[in-house]
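**Q** Using the hints provided, position chain B relative to the given structure of chain A.
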Amino acid sequence: MNIDKQLDRLALQERQAPVPKTSVAGMVLQTIRQEQVIELRSFNRFSIGTAVAAALFLVVTLQFFSARDAAAYEPESYVYADLDADMEQ
Amino acid sequence: MIPGMDKTVEQDEQDKEDVVSSLRGDEEAYTRLLRRYEEDIARQMWRFTHDRGEHEILVHDVFVEAFFSLPKFGFRAPFAHWLRRIATHVGYGFWRQKGRGRKIIHLQDPDSLAGKPAPEKTDEGISLFGLLEKLNPEERLVLTLTYDEGLNAKQIAERMGWTHIMTRARLSRARKKLRTIAENAGLGKELS
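Going line by line, the protein sequences match chains A and B.
For the first sequence, our numbering begins at 1 and goes up steadily by one.
For the second sequence, our numbering begins at 90 and goes up steadily by one.
So that you can see chain A by itself, here it is in the shape it has in the complex (with noise of 0.2 Å):
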């Protein structure tokens, strides 16, 4: 009998030999549960993290704009700068 005939007769014994019963329904369910939770905190931290960036973000935004000088865009400021200079000249 040739080698590869010794390995198929083998992989026939394995294929037939009894495989010992296994009850993992219980610990399956469990498992999936903690991993939904964990899921659904890590979710929940990145929906408060994102919250809290966008409203830093507005904050600062609306500080920025109403710390800038009002008068800086008022139109006369730069209108009546022109017209001084085109006097002088």
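Among these hints, one or two may not hold up.
As the list claims (entries may be wrong) - If you want the footprint, here are the derived chain A segments under chain B, 3+ residues with CB under 8 Å: (1) 2-14; (2) 40-51; (3) 57-66.
Stated by the list, open to error - Beyond 12 Å from chain A on every Cβ pair, some chain B residues (computed): (4) Glu106; (5) His170; (6) Arg174; (7) Asn241; (8) Met255.
Hint data in this document are derived by calculation from the structure and do not stem from the laboratory.
As the structure is a computational prediction, the values presented were derived from the model and not from experiment.
Idealized CB from N, CA, C, for every residue including glycine.
**A** Then chain B, alone, in the frame of chain A:
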């Protein structure tokens, strides 16, 4: 056809219903799926380990992995085939994790087999499981799928997401190595 997984059309329909219910959060439905396939998966995972503790953990891991992958189950193939694919990946991952740091025999160095302890033996003699243990995870997987599930290179490639050419090369290399290991373990002498 896959042995032990001959499903009728009716059972396929039941599987689909249970998958849909499981996706809606029905634990009972997933428990039904689990109980329906636990024996088949236990048989499959026994090929990846003969340690009872590890075996139970592997079966557990397959069903946990399958649950979280359910949204990706597109109902294109029977649930049994999809589950079997997940099981193969879980088992392969287990071997890869376990194999890190273990000495692997290279074909270029057949002398490295000399003086090694004989592979695991059963009461009847040498076991295929013990011989395959000497190979690296990729080679062990292709031969396990060939010998135990009767898959050809194309089917193995499909299951693992490998290319056909790469799978054929792995299969050929693994067969050569297995012959060398078997000869060194005295397989030819034992039965000739």
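**Q** If a hint holds in the structure, say so; if it doesn't, say that too.
**A** So, going through the hints one by one against the coordinates:
1. Check on the region 2-14 of chain A: 9 of its residues sit with their Cβ under 8 Å from a Cβ of chain B, so the three-residue criterion for coverage holds.
2. Counting residues of the region 40-51 of chain A whose C-beta lies closer than 8 Å to any C-beta of chain B gives 0; at least three are required, and the coverage claim is violated.
3. Counting residues of the region 57-66 of chain A whose C-beta sits closer than 8 Å to any C-beta of chain B gives 0, which falls short of three, so the coverage hint is violated.
4. Against chain A, the non-interface label of Glu106 of chain B holds: every CB pair exceeds 12 Å, the least being about 19 Å.
5. Its beta-carbon lying about 19 Å from the closest one in chain A, His170 of chain B satisfies the requirement of being farther than 12 Å from that chain.
6. The non-interface label for Arg174 of chain B is consistent with chain A: the shortest C-beta to C-beta separation is roughly 18 Å, beyond 12 Å.
7. Every C-beta of chain A lies more than 12 Å from that of Asn241 of chain B, the closest at about 15 Å, which supports listing it as non-interface.
8. Every beta carbon of chain A lies more than 12 Å from that of Met255 of chain B, the smallest distance being close to 23 Å; the non-interface claim holds.
Consistency with the previously given hints fails for numbers 2 and 3, ordered from lowest to highest.
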